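Given these sequences and hints, build the entire structure.
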Amino acid sequence: MVSIAVVTDSTADFPGDAQERLGIVVVPLSVTWDGDTFRDKLDLSTSDFYAMLRQRDSLPKTSSPPAGLFEATYQELLGRVDHVVSVHISGKLSATYDVARGAGERVGGGRVTVIDSGQTTMCQGWLAMRAAELGASGASTEQVVGEVRAWIPRLRLYAVLDTLEYLQKGGRIGRARVLMGSLLNIKPLLTIRDGEAHPVERVRGRSTAMRRLVDVLASQGPIARAGILHGATPEALNELEPLMAERLPGQTFERAEIGSVLGTYAGPGVFGACCLLAGDG
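Under the working numbering, think of the first position of the sequence shown as 1, with each following residue one higher.
One thing to keep in mind: the hints can contain errors.
[Claimed, not checked] Below 20 Å or equal to it, Euclidean Cα-Cα: the simulated DMTMM-like pairs (lysine to aspartate or glutamate) are:
1. Lys61 - Asp194
2. Lys92 - Glu196
3. Lys61 - Asp36
4. Lys61 - Asp34
5. Lys61 - Asp98
6. Lys61 - Asp82
7. Lys92 - Asp116
8. Lys61 - Asp48
9. Lys92 - Glu165
10. Lys61 - Glu196
[What the hints assert, rightly or not] Per label pair, the in silico range of CB-to-CB distance:
11. Arg39 - Lys92: 21 to 27 Å
12. Glu76 - Gly205: 49 to 55 Å
13. Pro249 - Asp82: 41 to 47 Å
14. Val216 - Arg255: 28 to 34 Å
15. Arg106 - Val200: 35 to 41 Å
16. Pro242 - Gln143: 33 to 39 Å
17. Gln55 - Gln143: 19 to 25 Å
18. Arg206 - Ser63: 30 to 36 Å
19. Pro66 - Arg204: 42 to 48 Å
20. Arg21 - Arg149: 32 to 38 Å
21. Val2 - Ser207: 47 to 53 Å
Honestly, the hints are just simulated from the structure, not real lab data. Note that the structure is a prediction, hence the values are computed from the model and not measured. Even glycine gets a Cβ: it sits at the ideal position worked out from N, Cα and C.
This is how it looks when you write it as structure tokens:
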């Protein structure tokens, strides 16, 4: 039986203790803020990240893990297992995938497969979880990689921003649009499509935005797996879950907190939902 280790990066978010339970290795990105650099989710927890985001005028800069860290991680794992499957944030959102792929080519000897998830947050986490589950069940490397790649086009992720302030801080929109958005209580609904963030629509009011989020997700087709997400506002999920249950009866909803990469531009108060559409596997 082939032994397989699964690696991802810290932009992946997991429900509960899934990462630890499945033995998924997480390589941290770095977060630099006003001259201080932190390892994402190691030196700077997600809750601390959002607290600092509220307090500081500037936005942090997130950087890919250094190639040497990936190389060391792969080399250490390959001393214990036959193959490494490494699942990462969309290459259009971060250079992390390219860095990991280069490291795998240099030290892997054909025993490291690096996958661009085309996603981030819990969708990325689900892919890493599935790879780990299949690996533990005795699946071959080809089976693990094939199923993970088959899941990617079935993933959907939507998020509602509570404020436009952090988009403005990041230079994505002008101050005038922020002021107008605040006056009108505008909540942008975004999605990740083809590996990039895209606007879906703008909705007035939080409760309306929450219902619209549910409508859009539920309209995607039969759903095999669903999750709900928040950015430092777990109470939002207590409002969101009943709405999801109303539209998707019998479905369970995994919960996770949105990490720093999406959270930097979405800001505290962001909430979202994701799903895996029904299909084979």
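Hint check, failures only:
1, 6, 9, 14, 17, 20
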